[in-house]
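**Student:** This is what each chain is made of:
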Amino acid sequence: MGRESNRKRRQGQAATAREKAAAARAEQQRLRQRRRALGIISGIVVLVLIGVVAAVVALNHKGKSGPATAASATVLNQVTSVPVSVQTAIGAGTAVTAGLPESIQGGQPLTSGGKPTLLYIGAEFCPFCAGERWALIQALSRFGAFSGLEQIHSAEDNIATFTFLHATYTSSYLNFAPREQEDQNAKPLQTLTAVENAQFSKYLAPGEGSPGYPFLYFDGKYVSIAGPVDPSVLIGKSWSQISSSLSNPSSPIAKSVVGAANHIAAAICTLTGDKPASACPASIQALSRSFAAYGAA
Amino acid sequence: MARSDDSFRPNVRWAAPVTFPLSLIGLGLSIYLTIQHFSGSTSFAGCPASGKIDCAKVTTSSWSELFGHIPVALAGLLFYVVMVVLVSPWAWRVANIWLDRIRLAAAVTGIGMVAYLVYAEVVKIKSICIYCTGVHIVTFFLFLSILAAYLLRPLDPAGG
Numbered sequence: 004m005g006r007e008s009n010r011k012r013r014q015g016q017a018a019t020a021r022e023k024a025a026a027a028r029a030e031q032q033r034l035r036q037r038r039r040a041l042g043i044i045s046g047i048v049v050l051v052l053i054g055v056v057a058a059v060v061a062l063n064h065k066g067k068s069g070p071a072t073a074a075s076a077t078v079l080n081q082v083t084s085v086p087v088s089v090q091t092a093i094g095a096g097t098a099v100t101a102g103l104p105e106s107i108q109g110g111q112p113l114t115s116g117g118k119p120t121l122l123y124i125g126a127e128f129c130p131f132c133a134g135e136r137w138a139l140i141q142a143l144s145r146f147g148a149f150s151g152l153e154q155i156h157s158a159e160d161n162i163a164t165f166t167f168l169h170a171t172y173t174s175s176y177l178n179f180a181p182r183e184q185e186d187q188n189a190k191p192l193q194t195l196t197a198v199e200n201a202q203f204s205k206y207l208a209p210g211e212g213s214p215g216y217p218f219l220y221f222d223g224k225y226v227s228i229a230g231p232v233d234p235s236v237l238i239g240k241s242w243s244q245i246s247s248s249l250s251n252p253s254s255p256i257a258k259s260v261v262g263a264a265n266h267i268a269a270a271i272c273t274l275t276g277d278k279p280a281s282a283c284p285a286s287i288q289a290l291s292r293s294f295a296a297y298g299a300a
Numbered sequence: 072m073a074r075s076d077d078s079f080r081p082n083v084r085w086a087a088p089v090t091f092p093l094s095l096i097g098l099g100l101s102i103y104l105t106i107q108h109f110s111g112s113t114s115f116a117g118c119p120a121s122g123k124i125d126c127a128k129v130t131t132s133s134w135s136e137l138f139g140h141i142p143v144a145l146a147g148l149l150f151y152v153v154m155v156v157l158v159s160p161w162a163w164r165v166a167n168i169w170l171d172r173i174r175l176a177a178a179v180t181g182i183g184m185v186a187y188l189v190y191a192e193v194v195k196i197k198s199i200c201i202y203c204t205g206v207h208i209v210t211f212f213l214f215l216s217i218l219a220a221y222l223l224r225p226l227d228p229a230g231g
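Residue numbers (our numbering), protein chains in the order written: chain A, 4 to 300; chain B, 72 to 231.
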């Protein structure tokens with residue numbers, strides 16, 4: 004009887020010891036688990052803090068968009084001397100349909116000096132404006148000549164382009180009124196006249212992205228919003244890489260930029276009465292017949 | 072005896088009370104950004120256009136659409152709809168390792184997207200959007216909470 008009692012007591016003590024050992028092991032496992040979790044979470048938090056500091060530094064870094072410099076004569080020569088045969092071969096090209104000129108009814112003419120006016124409103128930081136300027140310079144050079152163009156990189160997407168800030172344009176057929184409304188840091192740069200602002204506001208609000216850059220107003224006959232050039236084809240390319248591609252009709256850059264320029268030229272031709280003939284061949288005139296009515300889409 | 076099958080391990084008790092409200096905040100911000108996107112509005116309450124902080128510049132930039140077609144705001148909304156379901160109190164009650172892994176994978180996807188979008192804002196666009204940053208912060212804390220819940224799950228059904 005006493006022996007049996009001792010055996011049960013020993014069994015009970017052994018079971019208690021096993022439970023204590025199991026509890027201790029479980030506690031150790033929990034501690035290890037918590038240490039591991041804490042280590043991983045702490046590591047991530049430290050990495051994110053480093054990332055936040057890097058982001059603040061990057062946000063305040065000026066980058067390559069910096070100051071404008073005079074445009075390269077070689078680059079400009081290549082942009083403005085795309086052969087008519089190449090323009091014809093490219094035709095509509097790969098111009099972005101949503102950014103093509105759209106006809107408007109009852110638009111206010113901005114005619115000055117007996118000549119129609121093409122109004123451009125954009126911003127230096129804007130990548131779509133960066134793309135459109137290549138097409139605009141290409142198209143407008145068929146009707147006149149630029150001076151004072153400067154090279155910049157758009158702050159957004161770092162696209163090699165130009166600024167119209169100090170540019171002047173002379174033509175016997177039309178006026179060009181470029182307005183770089185904001186600079187590389189989205190700070191106000193050039194102001195619009197009341198009439199210009201009225202047109203800009205009229206065709207963008209409501210339902211369109213503001214500030215709606217780039218905006219083209221073809222003397223009360225057409226508007227173009229957001230531009231017909233897809234800027235992604237220009238990302239990572241230098242000015243000379245872009246300009247030297249423009250005379251190659253199979254180049255994606257030429258198809259985009261010259262295709263857009265052809266549409267812009269077609270809209271201008273309707274303002275100038277298809278003058279000069281060299282800028283308004285039948286193939287270019289035909290493009291204007293494909294323009295949709297504003298708001299029809 | 073505790074079952075060794077991971078599928079039957081319960082989740083930590085604080086997981087739902089922490090992650091569910093976070094996901095609702097993220098969902099609210101995403102709804103607002105999606106409405107702003109589709110209405111074409113560029114007037115963001117409390118978001119000045121001061122250069123470094125400019126919601127309209129960010130949400131109308133070329134980076135505001137994935138693959139040139141899918142609005143980032145809509146992708147964010149879909150992400151938070153999924154997350155609200157995955158971190159709901161009902162979902163946390165389902166102690167299944169695969170659900171935990173799917174939840175963690177979704178959170179990792181979200182934080183990866185946040186890293187990409189922050190890069191786009193600070194390096195490419197050079198401006199930040201307050202509402203987008205709000206979504207990014209919520210997504211980060213949601214990721215941390217889900218990761219912690221995953222790592223700290225009780226080792227046996229009796230734990231907690």
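Hints in this document: simulated from the structure, not taken from any laboratory. No residue lacks a Cβ here, since even glycine has one placed at the ideal position from N, Cα and C. Careful: at least some of the hints might be erroneous.
[Claimed, not checked] Pair ranges (Cβ atoms, derived):
| # | chain 1 | residue 1 | chain 2 | residue 2 | range |
| --- | --- | --- | --- | --- | --- |
| 1 | B | Leu149 | A | Thr114 | 27 to 33 Å |
| 2 | A | Ser293 | B | Phe138 | 36 to 42 Å |
| 3 | B | Tyr187 | A | Pro70 | 50 to 56 Å |
| 4 | A | Thr173 | B | Ile208 | 34 to 40 Å |
| 5 | B | Pro119 | A | Thr72 | 48 to 54 Å |
| 6 | A | Gly239 | B | Pro160 | 46 to 52 Å |
| 7 | B | Leu145 | A | Leu52 | 29 to 35 Å |
| 8 | B | Pro119 | A | Ala27 | 55 to 61 Å |
| 9 | A | Val198 | B | Ala186 | 17 to 23 Å |
| 10 | A | Ser45 | B | Ile208 | 16 to 22 Å |
**Student:** Hint by hint, say whether it matches the structure.
**Tutor:** Results for each hint:
no., hint, in the structure
1, B:Leu149 - A:Thr114: 27 to 33 Å, "50 Å, violated"
2, A:Ser293 - B:Phe138: 36 to 42 Å, "27 Å, violated"
3, B:Tyr187 - A:Pro70: 50 to 56 Å, "30 Å, violated"
4, A:Thr173 - B:Ile208: 34 to 40 Å, "53 Å, violated"
5, B:Pro119 - A:Thr72: 48 to 54 Å, "31 Å, violated"
6, A:Gly239 - B:Pro160: 46 to 52 Å, "48 Å, holds"
7, B:Leu145 - A:Leu52: 29 to 35 Å, "31 Å, holds"
8, B:Pro119 - A:Ala27: 55 to 61 Å, "59 Å, holds"
9, A:Val198 - B:Ala186: 17 to 23 Å, "46 Å, violated"
10, A:Ser45 - B:Ile208: 16 to 22 Å, "18 Å, holds"
Hint compliance for this structure: hints 1, 2, 3, 4, 5 and 9 are broken, all remaining hints hold.
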